[in-house]
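Protein chains: 2
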Amino acid sequence: MSILGVDIGGTEVKFAVVDSNGVVGSFSSVKFDRNSKKLIDSLKTKTAGLKFSGIGIAVAGDVDAEKGTVRFSPNLKWKNVNLKKMFGDAFRMPVSVENDATAAAYGAYILDLKKKCRNAVCITLGTGVGGGIIINGNIYRGATGSAGEIGHLCYEPNGIKCSCGNSGCFERYIGRDGIISIARRKIKSRPTMIPGLAGGNNDKITPETITAAARQGDRVAKEIWDEAGAILGVLLTDIVDLLNPEYIVLTGGISKAGDFLLKPAVRELKKRAFEVPSQKVKVIISKHQNQLGVAGAALLSIKK
Amino acid sequence: MSILGVDIGGTEVKFAVVDSNGVVGSFSSVKFDRNSKKLIDSLKTKTAGLKFSGIGIAVAGDVDAEKGTVRFSPNLKWKNVNLKKMFGDAFRMPVSVENDATAAAYGAYILDLKKKCRNAVCITLGTGVGGGIIINGNIYRGATGSAGEIGHLCYEPNGIKCSCGNSGCFERYIGRDGIISIARRKIKSRPTMIPGLAGGNNDKITPETITAAARQGDRVAKEIWDEAGAILGVLLTDIVDLLNPEYIVLTGGISKAGDFLLKPAVRELKKRAFEVPSQKVKVIISKHQNQLGVAGAALLSIKK
Chain A
0 MSILGVDIGG TEVKFAVVDS NGVVGSFSSV KFDRNSKKLI DSLKTKTAGL KFSGIGIAVA
60 GDVDAEKGTV RFSPNLKWKN VNLKKMFGDA FRMPVSVEND ATAAAYGAYI LDLKKKCRNA
120 VCITLGTGVG GGIIINGNIY RGATGSAGEI GHLCYEPNGI KCSCGNSGCF ERYIGRDGII
180 SIARRKIKSR PTMIPGLAGG NNDKITPETI TAAARQGDRV AKEIWDEAGA ILGVLLTDIV
240 DLLNPEYIVL TGGISKAGDF LLKPAVRELK KRAFEVPSQK VKVIISKHQN QLGVAGAALL
300 SIKK
Chain B
0 MSILGVDIGG TEVKFAVVDS NGVVGSFSSV KFDRNSKKLI DSLKTKTAGL KFSGIGIAVA
60 GDVDAEKGTV RFSPNLKWKN VNLKKMFGDA FRMPVSVEND ATAAAYGAYI LDLKKKCRNA
120 VCITLGTGVG GGIIINGNIY RGATGSAGEI GHLCYEPNGI KCSCGNSGCF ERYIGRDGII
180 SIARRKIKSR PTMIPGLAGG NNDKITPETI TAAARQGDRV AKEIWDEAGA ILGVLLTDIV
240 DLLNPEYIVL TGGISKAGDF LLKPAVRELK KRAFEVPSQK VKVIISKHQN QLGVAGAALL
300 SIKK
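Chains as they are written, first to last, in numbering that gives the first Met the number 0: chain A, 0 to 303; chain B, 0 to 303.
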């Protein structure tokens, strides 16, 4: 059985044919178009030669998985878009819709973990910080399908105001903007190659610039990742003490910092968390970054 | 089928006969004795007239439920005590052993919630702050049986050092000592009846004293519960955003403050948490406080 996995993000829309073993083929993408009809047309043209019998969609935003609707996506500027109906009408086959972090978590469970554990958590570190929880080999959705808002656990109860309504959410500190804020503060105090790598324009500093500097041995860059990693370690501790998972998989643009981020995060985790569960858990960075959304959305669709 | 539920705490050991419907009969208790042999002897004498065919034990501490061993209990000053073997030898029947917060959570699921939901969280607010997670109608244990350490989620990453190794755990702020600290600070600034109710000795202020004062309209007492409730609300938000449960049940001595604690906690939750899951969740105080441990331990034993 082959399913078309589609991962709709604010810049590009990735797609691929995925079989029931999770093998991903014909990976490609089209540009995102806010006009959902045009977006579907362009996907139809691009996938004309591919063979599949259903569609699984991952989408950034608050999704009603049962109805197949995007209730609200600030990223895509969509509100109440019924993707299940629109894709169903266009392709004439079964369609299922998932939140992108949920799909990525299931993708990581199959592609990275190969189902070799029962309980795992996936954290997507990007502009936002999202997540998905695997319990007993299944996505855990909670009472209204809202479970897994890992980035909105509280780091500083009186901290930076968050768009979700809470204050001091982890997303504000270790999401893309949070890390750039750490960098802007740190580069003031000591010489570093970061501004140079950003073309002399501090507004153009990105997590990628910081990692590039760290790779060349820049100490300030390493300290930025140390600070971000220590905050991530507090989040990992919350997850380990509460959910005691066998694996935590990190994915998303920020996780591409690799060991610069992972090492201080795990150090903080070992320092803070209960001994038995913190010795048990393995924290890894996904090796299938780009494919997790399409694979997870397709595989969850097959499961249904 | 009737099972003897036994709830071992540092002061008293409660016991009762529990049937498979969760009906609790012959509820009674003996004094705790650190000498486990003597404790079992006294339980044997006291239960001589009761009919039961198995024993389910709830115990404060780190429990290896599979082996039936208390790995470590700072409260009881026990280390590696194999209760399963000792009770089994004495009573000649099957014995199972659970952490007390885990047992209480399952007890609350049956007695308070009557299994009318799938996903729930129980928070035990006492000297320590513990918890248990119900997922799909079962206790969720995690990879090493350590899941549910709700009191050790982080409230202030650089806050009060905790015995668990972490800093700033919620337990330090809304456990018994945390609440007494809030009271000691608040009573300095304004007139209040709390010191009088504590016999003029500020070292004897307890959560019960504060509640007694609040019931008589003492404003400082109410403000103490407002402050504690707001902190509890941050914890509730973490749980709702991450696990999206249908119910959260509060139990333990601190929860006897009732609405003085519950109202500000829910107010903070509504302010901070995601809208859909925070509208869905019902936060209640258990109506079966004392019985949750014995009932849950017995019912989990029947389930096995």
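Do not take every clue at face value.
[Claimed, not checked] Here chain B is said to cover these stretches of chain A; the calculated rule only asks that three of the stretch's residues, wherever they fall, bring their Cβ under 8 Å from a Cβ of chain B:
| no. | segment |
| --- | --- |
| 1 | 73-80 |
| 2 | 128-141 |
| 3 | 178-190 |
| 4 | 232-241 |
| 5 | 292-298 |
Note that these hints are calculated values from the structure, not bench results.
The model shown is predicted, which means the values in this text are computed figures rather than measured ones.
Even for Gly, the Cβ is constructed at its ideal location relative to N, Cα and C.
Here's how the hints hold up against the structure:
{"no.": "1", "hint": "73-80", "in the structure": "violated (count 0)"}
{"no.": "2", "hint": "128-141", "in the structure": "holds (count 6)"}
{"no.": "3", "hint": "178-190", "in the structure": "violated (count 0)"}
{"no.": "4", "hint": "232-241", "in the structure": "holds (count 5)"}
{"no.": "5", "hint": "292-298", "in the structure": "violated (count 0)"}
In terms of the numbered hints stated before, the structure departs from hints 1, 3 and 5, listed from lowest to highest.
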